[in-house]
Structures are given as structure tokens and as C-alpha cells.
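So the chains spell out like this:
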Amino acid sequence: MRRRLPGPAVLIALAVVAVAVVAALFGWLLVPDATRQDLATGITYPGTGHPLGTDELGRDVLRLLVAGARTAVLGALAVSAGSMLLGNLIGLPAGYLGGWTDTAAMRWADLMLSVPALLVAIVVAGTMGGGFWLAVAVLIVLFAPTDARVVRGAVLEQRTRPYVEAARLQNLSPWRIMSRHVWPNIVPVALANTFLNFAYALVSLASLSFLGLGVAAGSPDWGRTLSDNKGQLFANPWAAVAPGLAIIITAAAVTVVGDWLQERAEARRLAR
Amino acid sequence: MTGGFLARRLLGTLIVLGLLSIGVFGLLYLAPGSVEQTLQGNRPASPETLAALRARYHLDDPVVVQYLRWLGGVLQGDFGTSIRTGVPVTEAIGSRLPLTLGLILYGTLLATLIGLPLGVIGAFRRGRAADRAAVVTSVAGMSAPPFAVGLVLLMAFAVYLQWFPVYGQGEGLADRLRHLTLPAAALAVGSAGLLVRFTRAALIRELDQDYLVFARARGLPTRLIVGYALRNSLIPILTALGLILTSTLAGTVLVEVTFALPGLGTLLVDSVTFKDMPVVQALALLLTLLISAVNLLVDVGYALADPRIRFGVSR
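Protein chains in written order, with full-length UniProt numbering: chain A, 1 to 272; chain B, 1 to 315.
Just so you know, these hints were derived from the structure itself, not from any lab.
Please note that the accuracy of each hint is not assured.
Label-pair ranges, simulated between beta-carbon atoms [to be verified]:
#1 51/A x 77/B: 21 to 31 Å
#2 108/A x 133/B: 38 to 48 Å
#3 47/B x 131/A: 24 to 34 Å
#4 113/B x 232/A: 47 to 57 Å
#5 308/B x 263/A: 22 to 32 Å
#6 18/B x 161/A: 33 to 43 Å
#7 81/A x 176/B: 54 to 64 Å
Covered, in the sense of this in silico footprint (three residues per stretch, anywhere, with C-beta under 8 Å from a C-beta of chain A), are these stretches of chain B [said to hold, decoys possible]:
#8 11 to 21
#9 108 to 119
#10 131 to 144
Some chain B residues judged to face chain A by a derived CB distance under 8 Å, without partners named [stated by the list, open to error]:
#11 159
#12 162
#13 257
#14 269
#15 272
#16 287
#17 291
C-beta: ideal position from N, C-alpha, C; glycine also.
Please work from the sequences and hints to get the whole structure.
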């Protein structure tokens with residue numbers, strides 16, 4: 001089986017993801033005063049000193065963009081990691097133990113997935129008062145069923161393998177077999193799914209912030225900056241469009257990488 | 001046989017709706033602060049008004065009785081009155097429903113007109129430049145949130161090119177269509193991406209089937225080949241259409257806020273922000289009802305497209 005090297009599209013996407021993650025982790029060191037207002041300047045078109053212009057409060061749009069990666073990207077990372085953890089906790093026993101555990105978990109997933117996650121998130125996060133961590137927590141719960149399904153499917157495929165039978169014959173406890181024997185074999189599948197979830201989390205979190213249900217007003221965040229400046233399209237359209245493009249490009253790049261990871265996981269599965 | 005299938009699906013839908021209605025009712029208790037405070041809104045509170053509220057909403061009854069009472073009202077079309085505006089909830093929703101429905105239909109139409117042909121082209125020109133373009137467009141479209149797409153469209157077509165108006169919903173059919181084109185396009189981008197992906201994948205699978213390889217080898221016109229392949233790819237395409245309609249319901253919230261359109265989406269966001277719970281509950285219930293209806297229709301569509309499902313024959 002020939003090992004597939006990433007194509008140019010995947011390499012570009014990887015670079016975009018790397019830039020976004022670096023901006024999210026270290027952006028605040030680079031632009032510590034991103035939210036400094038300069039009301040005397042006010043809103044301006046792109047020009048010298050401000051490559052993307054300024055917004056209504058005189059804040060430099062490029063600096064806001066770099067600082068805004070923090071909540072946008074790290075929040076999405078928290079959602080996808082958290083939902084994978086929860087999904088594993090539900091999907092592993094559902095797939096391995098089967099029986100009523102499986103039935104209960106899958107009916108729960110069916111119910112959760114019968115309504116679009118973003119709509120539920122808008123209603124629930126909004127009703128509970130909004131806020132960044134609340135939005136993250138709500139999205140983790142709403143994303144977990146997809147992870148649980150994927151993990152369950154992968155476990156079902158593993159549990160008939162000889163190594164599982166061998167472990168069972170050694171009289172190991174189900175929990176030990178699940179966590180030490182089966183789980184390492186489904187990590188590639190779970191990881192690929194996490195990456196695809198990451199793109200969806202990025203978009204959902206940005207949507208909640210855009211609607212004013214995520215980060216607090218005035219915070220530098222892609223979704224929030226976009227909604228703060230959407231009324232200023234004639235004075236400086238870039239103040240709203242630049243964070244919008246940042247969301248679109250990052251989410252597309254993450255999806256491309258996720259698709260590639262999933263293809264590789266699939267190829268590895270078939271190669272066995 | 002067909003009747004049995006329908007009855008089973010209908011029963012399943014009713015069970016899901018029942019469970020979701022409990023969640024919708026529970027929203028009232030999810031809001032921070034006491035239920036009376038939530039129902040009070042911004043009006044000044046006194047012990048008397050709070051007691052009146054308790055009596056009016058039967059808050060001293062057990063929760064189960066409250067739920068059943070609420071459900072009974074809902075089934076008779078009584079959703080209460082809006083705390084924010086004092087208007088009956090059904091009236092508030094009814095006046096905004098046409099705009100949202102129009103937007104969703106327009107958006108889905110645009111998505112089908114763009115997505116289906118692109119998916120067909122991608123499958124027939126597999127691996128070539130046109131296919132790669134279709135795949136990239138599809139990934140970008142699916143990843144892009146409608147509000148960001150909407151803003152980019154606004155900047156390009158309303159601010160710079162000035163082909164379309166920036167805000168407003170227009171008067172008369174032609175003007176309204178012109179005003180709703182950019183919002184519908186913003187909605188359509190994600191759906192079109194999804195449709196390209198599903199159509200392309202389904203067609204590629206179908207084109208590898210022996211009967212189509214043979215049909216192509218015999219030199220049947222492409223028009224006929226597309227027809228055969230599409231007919232047999234209907235199931236995944238129906239799945240995609242169902243996903244599109246439900247995800248469009250979430251998308252319309254974002255698009256309406258972006259373009260400041262007075263539809264159900266803006267009503268939902270305003271009500272949620274204000275904690276106008278009767279309106280939020282009614283909208284949440286309406287949305288779950290719409291989504292269940294779409295899912296049911298898709299299942300019926302499966303049965304129409306594939307007799308094996310209709311007659312319960314295992315594949």
C-alpha cells in the first residue's frame with residue numbers, strides 16, 4: 001500500500017491552521033494593546049499604519065484580528081477536545097458492552113441529533129444568559145453524540161478482533177480491555193473526527209459570539225468583532241469582512257486537514 | 001405494507017416530539033433567577049404582582065401539572081402572550097413567518113440550482129480541474145458560516161458593485177426578490193456545498209456500476225446516463241436535502257440578524273436575549289415541529305424512491 005503524501009491543498013491548509021494556532025497561543029504577546037481605543041482617529045479605511053484600517057472606536061483591525069484568534073480558536077479546540085472526551089466515555093462502553101447500555105446511548109444520540117446543534121445552542125445558551133464558557137460547555141454536550149457514534153462504530157469493529165478475545169481469556173476486566181487495549185486502536189478515527197468537529201465548533205462558537213451569546217461585548221474575538229462592526233460597511237467594510245474571512249479560511253483549512261486525516265485513518269483500516 | 005411503514009415512522013416522530021416538548025417546557029426553569037422574575041420581565045415587581053403571576057401561570061402546581069397544562073394550551077394553539085411586547089405569541093410569529101419561509105425556500109432553490117449541477121459535473125469530470133474546483137468550492141461553502149458569507153456578499157455586491165440593496169426587505173414581489181437575493185445567497189452557499197459533496201459521492205459510486213459502464217461504453221447520450229445515475233442516487237441526495245433544510249433553519253437565524261430582516265430568526269434572538277420565554281418556547285417548539293416534519297418527509301421520500309424500503313425487504 002503506497003503511503004499517500006499530502007497534496008498541495010493539504011499543505012496550504014496545514015500552514016493556515018498552524019498560523020491560526022500560533023496567533024491563538026501567542027497573539028496576545030504580539031499585540032498586547034489590541035483593544036486600545038483611539039476615538040480621535042475613529043473609523044478609517046485601510047491606510048498607512050493601519051493595513052486593514054480602524055473600527056469605530058479607532059482600534060486597529062489587523063491587531064484585533066490577531067488578538068481575536070485566541071477565543072475563536074482555543075474555544076473551538078476546547079469544544080472539540082471536550083466533546084471527544086465525553087463521546088469516548090459514552091461510545092466506548094456502548095460499543096464494547098452492547099446490550100441496554102448501547103441501546104440507551106444510541107437512542108440518546110438519536111434524540112440529540114434530531115435537532116441542529118446550533119439552534120439548540122442559541123436557545124439554551126441564550127436562555128441561560130450567554131457567556132464564553134457557557135457557550136463552550138453547551139457545545140461540548142451538543143457535539144458529544146457525534147463523537148459517541150463514531151467511537152461506538154470503531155469499537156464494534158475492534159471487539160471481534162483476536163486480541164480482544166485474548167485479553168478477555170486472560171480474565172481482564174471490561175474496563176481495562178476498553179481503556180488499555182481497544183481505545184488505543186480507535187484513537188486515529190476519534191482524532192480525525194475531532195478535527196472535523198473542530199471546524200464546526202469554530203463556526204458555531206463564532207456564530208454564538210456574533211449573536212452576542214458568546215464572549216462579552218468589546219472583547220477581541222472574530223465573531224464578536226464582526227458583529228460589532230457590521231453596521232460600518234460604508235465607513236470601513238474591512239472591519240467586519242476581515243474577521244469574517246478569517247473564520248471562513250480557518251474553518252475551510254481545518255476541514256481539509258480533517259478530511260485528509262480521515263482518509264488516512266480509513267486507508268490504514270482497510271490496509272489491515 | 002406502505003401503511004405500516006408510515007405508521008411506524010409517524011409513531012417514532014410523535015415520541016421524539018413528546019420528549020423534545022418536555023425540554024422546551026423546561027427552558028422556563030433554565031433561565032437564571034426565579035420563574036416569576038423571568039415572567040415579570042422588566043416591569044416593576046411587587047409582592048402582589050408576583051402573587052398574581054403565580055396564580056396566572058399556576059406556578060404553585062406540581063411541575064408535571066404545569067407541563068400538561070402548558071401542553072394542553074399549546075395543542076389548542078395557545079402559546080400565551082409575549083412578555084416583551086404584550087402581543088399574543090401566535091400573532092407575533094404569524095406576522096414574521098412568511099419572510100422566513102420565503103427566505104428558506106429561495107435559499108434552498110438557489111442551493112439546488114448551484115449544487116446539483118456542480119456535483120454532476122464533478123462526478124463526470126472526476127479528478128480533473130472542474131472536479132477539483134467543485135470539491136474546493138464545496139469544502140469552503142460548507143465551512144463558511146452564513147453570517148460571514150453574508151458580510152462578504154454585502155461588501156462585494158452591495159457596497160462596491162451596488163447591484164443589490166444593503167438593508168431592507170423591499171415592497172412588491174420583484175423588489176422583495178431583489179432585497180432577499182443576497183440573504184438567500186448567503187444561506188445557499190453552505191447548502192450548495194453539502195449538496196455538491198453528496199451528489200458527487202453518490203454519482204461516482206453509481207457510475208462505477210456495471211450497468212452504467214456498459215451504457216457509457218455503448219455510447220448512450222450523457223443526458224440519459226445522468227438520468228439513470230441520478231435516479232439511483234436519489235437516496236443520498238434526499239438525505240442531503242433533509243440536512244440542508246434543517247441546517248438552513250439555523251442558518252436563517254444568522255442571516256436574518258446579518259441583514260436585519262424582521263423574520264423568525266431575529267425574533268428568536270431578540271426573545272432569547274430578553275428572556276421572553278413564551279415566545280422562545282413557541283419558536284423552539286415550532287422549529288422542532290418543522291424539523292421533525294422534514295425528517296418524516298425525507299423518510300417517506302426514501303420509501304417512494306426505493307421500493308425495498310417501502311416493502312421492508314432487507315438489502
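Now the hints, each set against the structure:
| no. | hint | verdict |
| --- | --- | --- |
| 1 | 51/A x 77/B: 21 to 31 Å | violated, 56 Å |
| 2 | 108/A x 133/B: 38 to 48 Å | holds, 41 Å |
| 3 | 47/B x 131/A: 24 to 34 Å | holds, 31 Å |
| 4 | 113/B x 232/A: 47 to 57 Å | violated, 33 Å |
| 5 | 308/B x 263/A: 22 to 32 Å | holds, 30 Å |
| 6 | 18/B x 161/A: 33 to 43 Å | holds, 41 Å |
| 7 | 81/A x 176/B: 54 to 64 Å | violated, 45 Å |
| 8 | 11 to 21 | holds (count 3) |
| 9 | 108 to 119 | violated (count 0) |
| 10 | 131 to 144 | holds (count 6) |
| 11 | 159 | holds, 5 Å |
| 12 | 162 | violated, 11 Å |
| 13 | 257 | holds, 6 Å |
| 14 | 269 | holds, 5 Å |
| 15 | 272 | holds, 3 Å |
| 16 | 287 | holds, 6 Å |
| 17 | 291 | holds, 6 Å |
Figure legend: structure checked against the earlier numbered hints; hints not met, in rising order: 1, 4, 7, 9 and 12.
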